[in-house]
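Mind docking chain E on chain Y? Use the hints.
So the protein lines, in turn, are chains Y and E. Here the first sequence stands for residues 1 to 143, where the numbers follow our numbering. Here the second sequence stands for residues 1 to 141, where the numbers follow our numbering.
No lab work stands behind these hints: they were computed from the structure. Accuracy of the hints is not assured; some may be wrong.
Ranges of calculated distance between the beta carbons of each label pair, as one might list FRET restraints [said to hold, decoys possible]:
id : chain 1 : residue 1 : chain 2 : residue 2 : range
1  : Y       : T64       : E       : S78       : 46 to 56 Å
2  : E       : L121      : Y       : M59       : 21 to 31 Å
3  : Y       : S138      : E       : I2        : 49 to 59 Å
4  : Y       : G68       : E       : P114      : 51 to 61 Å
5  : Y       : S62       : E       : M1        : 35 to 45 Å
6  : E       : E73       : Y       : M74       : 32 to 42 Å
7  : E       : M1        : Y       : F79       : 13 to 23 Å
Every residue gets a Cβ at the ideal spot worked out from N, C-alpha and C, and that includes glycine.
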Amino acid sequence: MRIFFAILSGGLFGAGLLLSGMTDTNKVQGFLDLFGNWDPTLAFVMGGAMIPMAIAWQMTKSRTPVIGGSFPEMPATEFDRRLITGSVLFGLGWGLAGLCPGPAIASLTYGGTGGFLFLAAMLIGMRLAPTASRYLDSRSAAA
Amino acid sequence: MITDWIWGLLGGLMIGAAGAVYLLGNGRIMGASGIIGRIVDAKGSQALEAAAFVAAMIAAPAVIALVWLPGTETHLTSDWLVIAVAGLLVGLGTRIANGCTSGHGVCGMSRLSPRGIVATLVFMASGIATVAIFRHVLEII
Numbered sequence: 001m002r003i004f005f006a007i008l009s010g011g012l013f014g015a016g017l018l019l020s021g022m023t024d025t026n027k028v029q030g031f032l033d034l035f036g037n038w039d040p041t042l043a044f045v046m047g048g049a050m051i052p053m054a055i056a057w058q059m060t061k062s063r064t065p066v067i068g069g070s071f072p073e074m075p076a077t078e079f080d081r082r083l084i085t086g087s088v089l090f091g092l093g094w095g096l097a098g099l100c101p102g103p104a105i106a107s108l109t110y111g112g113t114g115g116f117l118f119l120a121a122m123l124i125g126m127r128l129a130p131t132a133s134r135y136l137d138s139r140s141a142a143a
Numbered sequence: 001m002i003t004d005w006i007w008g009l010l011g012g013l014m015i016g017a018a019g020a021v022y023l024l025g026n027g028r029i030m031g032a033s034g035i036i037g038r039i040v041d042a043k044g045s046q047a048l049e050a051a052a053f054v055a056a057m058i059a060a061p062a063v064i065a066l067v068w069l070p071g072t073e074t075h076l077t078s079d080w081l082v083i084a085v086a087g088l089l090v091g092l093g094t095r096i097a098n099g100c101t102s103g104h105g106v107c108g109m110s111r112l113s114p115r116g117i118v119a120t121l122v123f124m125a126s127g128i129a130t131v132a133i134f135r136h137v138l139e140i141i
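This is chain Y alone, in the form it adopts within the complex (with noise of 0.2 Å):
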């Protein structure tokens, strides 16, 4: 069951991404691009995303997970320096290739060297995130 709702929820995810244009590097640097030819279909998707998981949301409040277990509490309202440091960093990397986690997946098989590059470069990001989160808590606690 576990397994179902994951490949569900993929297949769907992959395939919202490509018919919303959210794979195509330039619809997404046109939305970042606020000082150029502005592009604004990425509010689009953002806002019709919002609604099955804002109605979902609401749902949470009546029932448990189909599975078990129960629904992922909200987490204290903290903004330090790992929310914010993090923050900036991937906004500088999305500016910079118009691509963010879920595209980058969504569109390997069309994505070209460039794709396969791309997330070779993430996952070695993602593997030295550890490290660098403990720096980040280093200097927070020095300071």
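Showing chain E alone in chain Y's frame:
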């Protein structure tokens, strides 16, 4: 142009439905960076679930591109240095911040999570500044 927005909305609804299935079915937040991260960490049954998710996430658009939308491409830059640096930063940043456009953006903002909203505002502002500087000032991208 308007058809782009309609497709954006439709695709967005599918992405939201995907997140809803993952949440209500498996009780998990559908975040691409988190799911890929679980494969990188390779932790038993969690990695298996994540691998199934990623396999479907690659296969579904692959079939659509092959059958229905031949010639689909990503228009990714051909500058390998930019690609490598960008990929490294995206991997590093999303895991340090514990989320990306799907986890913090779609799933976090839709439950009005303060952390999700702040992360999304920060990476959007960072992305906008990056495109402004690298496209219009330095003219690299």
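The hints, checked one at a time:
1. T64(Y) / S78(E): 46 to 56 Å: holds, 49 Å
2. L121(E) / M59(Y): 21 to 31 Å: holds, 27 Å
3. S138(Y) / I2(E): 49 to 59 Å: Between S138(Y) and I2(E), where Cβ atoms are some 51 Å apart, the hint holds.
4. G68(Y) / P114(E): 51 to 61 Å: violated, 29 Å
5. S62(Y) / M1(E): 35 to 45 Å: For S62(Y) and M1(E) the Cβ distance comes to about 41 Å; the hint holds.
6. E73(E) / M74(Y): 32 to 42 Å: holds, 39 Å
7. M1(E) / F79(Y): 13 to 23 Å: violated, 37 Å
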